[in-house]
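Colleague: Line by line, the protein sequences are chains A and B. What the first sequence shows, in our numbering, is residues 1 to 516, in sequence order. What the second sequence shows, in our numbering, is residues 1 to 346, in sequence order.
It is worth saying that the hints were derived from the structure and are not from the lab. Any given hint might turn out to be false.
Stated by the list, open to error - Computed Cβ-Cβ distance ranges for the label pairs, DEER-style:
| id | chain 1 | residue 1 | chain 2 | residue 2 | range |
| --- | --- | --- | --- | --- | --- |
| 1 | A | Glu310 | B | Arg268 | 30 to 38 angstroms |
| 2 | A | Tyr29 | B | Val289 | 29 to 37 angstroms |
| 3 | A | Asp505 | B | Tyr334 | 33 to 41 angstroms |
| 4 | A | Thr185 | B | Tyr334 | 21 to 29 angstroms |
| 5 | B | Phe104 | A | Glu310 | 53 to 61 angstroms |
| 6 | A | Lys108 | B | Tyr334 | 53 to 61 angstroms |
| 7 | A | Arg215 | B | His140 | 26 to 34 angstroms |
| 8 | B | Leu106 | A | Pro365 | 27 to 35 angstroms |
| 9 | B | Val204 | A | Ala377 | 50 to 58 angstroms |
| 10 | A | Gly58 | B | Val289 | 31 to 39 angstroms |
| 11 | A | Val143 | B | His140 | 48 to 56 angstroms |
| 12 | A | Val143 | B | Val204 | 42 to 50 angstroms |
| 13 | B | Tyr334 | A | Glu310 | 56 to 64 angstroms |
To be verified - Short, incomplete list of chain B residues facing chain A, as computed with Cβ under 7 angstroms:
| id | residue |
| --- | --- |
| 14 | Asn144 |
| 15 | Leu223 |
| 16 | Asn224 |
| 17 | Ala227 |
| 18 | Tyr230 |
| 19 | Thr320 |
Bear in mind that the values here come from a model prediction, so they are computed numbers and not experimental data. Glycine included, each C-beta is placed from N, C-alpha and C at the ideal position.
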Amino acid sequence: MNKVLEMRGIIKQFPRVLANDQIDFDLNYGEIHALVGENGSGKSTLMNILYGLYQSDGGEILVRGNPVQITEPRVAIDLKIGMVFQHFMLVEPLTVAENIVLGSELRKGPFLDYKQAVADVERLSKEYGLKIDPHAKISDLSVGLQQRVEILKALYRGAEILILDEPTAVLTPQEVDDLIEVLKTLRAKGTSIVFITHKIREVLAVSDRVTVLRRGKKVGTKATKDTNEQDLAEMMVGRVVLLRVNKEPAQPGSDVLEVKNLSVKDPFGNLRVNGVDLTVRSGEVLGIAGVEGNGQSELVEAIAGLQRAEQGTISLNGVDITNWSPLKIREAGFGLVPEDRHRRGLVLDYSVADNLILGLHGKTPFVHHVGLRHEAAIQANAEHLVEEYDIRPSLPHQLAKRLSGGNQQKVVVAREFTQNPKLLICAQPTRGVDIGAIEFIHQQVIKQRDQGAAVLLVSAELDEVLSLSDRVAVMYNGKIVSIMSAEEVTEHKLGYLMLGGRLEDYQGEGGNGHEN
Amino acid sequence: MKTKLKAFPWQEVLIPIVAVFLALLVGSGFILLVGENPLMAYSVLFRESLGSTKNIATTLQRATPLIFTGLAVAFAFRGGLFNIGAEGQLYIGAFAAAWVGFTFDLPRLIHLPLAVFAGMVGGALWGAIPGYLKAKLGVHEVINTIMLNFIALFLTDWLATGPFHGGTWVPETARIKSTAALARLYPPTRLNTGIYLALVAALVAYLILWKTKRGYELRAVGLNPTAAEYGGINVARNTVIAMALSGALAGLAGTEQILGLHNRFILRFSPDLGFMGIAVALLGKNHPVGVVFAAVLFGALQSGSAAMDRLTAVPRELITIIQALIIFFVAAEYLIRKMLRLKEEA
Ligand SMILES: Nc1ncnc2c1ncn2[C@@H]1O[C@H](COP(=O)(O)OP(=O)(O)OP(=O)(O)O)[C@@H](O)[C@H]1O
Ligand SMILES: [Mg+2]
């Protein structure tokens, strides 16, 4: 018996959606098994069943050869199964050590034995090579380190099977590399890992085997070494996928967005955007590259009217819109795909149809002149967009929170793009989205550009910035450090500038750079 | 696949029903403690609250103000606001209605609507104050609504014993003119046309929340204020509007009590109707239809309790315990979901 886990014929029926249709999945001891597939193909559902969050409607689960009934997460934990969710479940004001031992019986009298907790965490972190400060507060840690705490928490509870649901979606490229190293270390120590991702590069970099799901069914399982990028992409989407965007050279027109000497402070009074000058012309895509947290979010929010500009001006087609209300800016011809779809982009407890009119809800045809909703128009709009953007399941009345992450993103994209805005800002437009949908969203961005929109793209994905942009700006520490045309850019040069290097000092590629 | 029908939210309905059932079950333990037969006591309770047309009328009369205050709390809640101040808004609305009632001499067709309108406006203004403070200064509405409850009480105390004292030895204003009174529907019970008003209010609240642009904005602010802001919704304005409309509903509760029952403003007349509204909204899952049913249930418990007290050894305080237990079990929704194995829709 060399399987630590076997799931056989798993079935999960949600109201009107068959999320898992007789799925077989197994995991060897000390293996990293990648689980991939389109948005809504049933990956999270399958793993939630394994962790006891959902009950399957059919099939069986064997752990270490024994049939088991995983009725709730506690049973999974007792079976040494651990799960790291995309949205972390940490208690922010507590320290790393406190979070890791939370819920276990580490007591001294009625109190938590904090010394012992710290000692345990230090031992664990040494054993697995996961560096962390046990005394640090969660709220002070970067996303990557918070994720590390989640992994340690699972290990502390003795996890031998570790499930990671899209762990890299929230990480910077550097953090992704770190995580991949961590996973390799864990594997060497004998931990078996299920790794869900949308990025084929990561699958190829770290996994031993890969299983592909599509529309709730299993397409197949392959050894990673027997497959390649194009092959996996086709298995996932069921057709040939363009991994590069086809586009004509830009035909830029007049200046649409003009930002002059803009400064923005965060709520704590720290200067996050520091005297930025920026112009985006109609018919072009300006990409902003940069490590997250260098002021990109604040720049975008200030343009959208969601944060105050302390200084400087923002104008749209020659009209000064600085510090206008978000509604007025929208009405001036502005669309925004926000970086955080749960915080800004969606009302998760609203239906898909209602989310598809957010921001347009006061306009014809969605409202009669007396302020009554025009239900038929709202429904028709939803049916049309669900179809055009292939939002699954195609149920306009489904609550947005019941959609898979990638389909939620498609709802936001559909809403913002169909307004044909003059200025379109896309912040992390393909986060958590499958490759088929990325291809589609990229084509739509280019379509908007070719229709004359000015597009400002902010992305942590260098690939995305490089393949979509006509010009590339690099943002570092609240400033635009350089703007280049697409032809001058290389991934290597960008990496150098993103970390604070100066263009004047750039020496070219030091031998081992990778050209694209 | 393109279905327009929304599935009936039977889980939403089931949980309050189970909560009520559990509360009665635990309540029967208390009844046993005082040496009575629970089935006996409950059958008296049932008979005395719903067993005859007269009893039903009394139940509905008790339910009427609770529908209003329940709607008030639920409406604010949908806008993301916790209105603890229904009691204060109720007093201000009641006084405003009474004032119009005893001050003017007008034909019924004008006088009554005017008095009702005044009650609404009084409550709305009193509700708008904490809304405004929250929107402009970020002061939490719970604190402000509680403080405004006290201010409303003392203010109306003073008004009714000072400038508008009715001149008798009782602390109350003059009687309202009969042209401002809500008609009794089933004498000798005090059920009055206020019940129609309450049902219309529930319908209007429903329509505003789910069928208008305003409702879309209010609920979006309640569910996700950052996304609402992004969608061009003015969060501050909607906060004030939600509190004002909530206050208007609470003001109508006071209005009904004055124009339909007491026919004058009596000092501290409300048996915590505003606070009961919180319980009613909770049990009714903050939905107008649920609120109506919850209010009728609470009304029934109250109207049956006096008889139960009289006819059995069970004291009327049992009803207070049962009401508390209902709230306890509704709040312990997680427990009930687990019992019923309703896990996955969570
Ligand atoms: N609680 C739920 N109620 C109803 N349908 C659900 C629920 N959870 C998931 N679904 C549906 O089940 C299907 C599978 O969803 P799942 O979250 O497993 O997809 P996924 O493969 O993880 O997608 P993604 O890559 O976008 O995260 C989707 O169609 C989704 O809408
Ligand atoms: Mg998922």
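Colleague: Confirm or reject each hint.
Modeller: Tested hints:
no. : hint                                     : in the structure
1   : A:Glu310 to B:Arg268: 30 to 38 angstroms : 52 angstroms, violated
2   : A:Tyr29 to B:Val289: 29 to 37 angstroms  : 56 angstroms, violated
3   : A:Asp505 to B:Tyr334: 33 to 41 angstroms : 59 angstroms, violated
4   : A:Thr185 to B:Tyr334: 21 to 29 angstroms : 38 angstroms, violated
5   : B:Phe104 to A:Glu310: 53 to 61 angstroms : 55 angstroms, holds
6   : A:Lys108 to B:Tyr334: 53 to 61 angstroms : 30 angstroms, violated
7   : A:Arg215 to B:His140: 26 to 34 angstroms : 47 angstroms, violated
8   : B:Leu106 to A:Pro365: 27 to 35 angstroms : 44 angstroms, violated
9   : B:Val204 to A:Ala377: 50 to 58 angstroms : 23 angstroms, violated
10  : A:Gly58 to B:Val289: 31 to 39 angstroms  : 37 angstroms, holds
11  : A:Val143 to B:His140: 48 to 56 angstroms : 30 angstroms, violated
12  : A:Val143 to B:Val204: 42 to 50 angstroms : 46 angstroms, holds
13  : B:Tyr334 to A:Glu310: 56 to 64 angstroms : 45 angstroms, violated
14  : Asn144                                   : 23 angstroms, violated
15  : Leu223                                   : 5 angstroms, holds
16  : Asn224                                   : 5 angstroms, holds
17  : Ala227                                   : 5 angstroms, holds
18  : Tyr230                                   : 4 angstroms, holds
19  : Thr320                                   : 34 angstroms, violated
Comparing the model with each earlier hint shows violations of hints 1, 2, 3, 4, 6, 7, 8, 9, 11, 13, 14 and 19; every other hint is respected.
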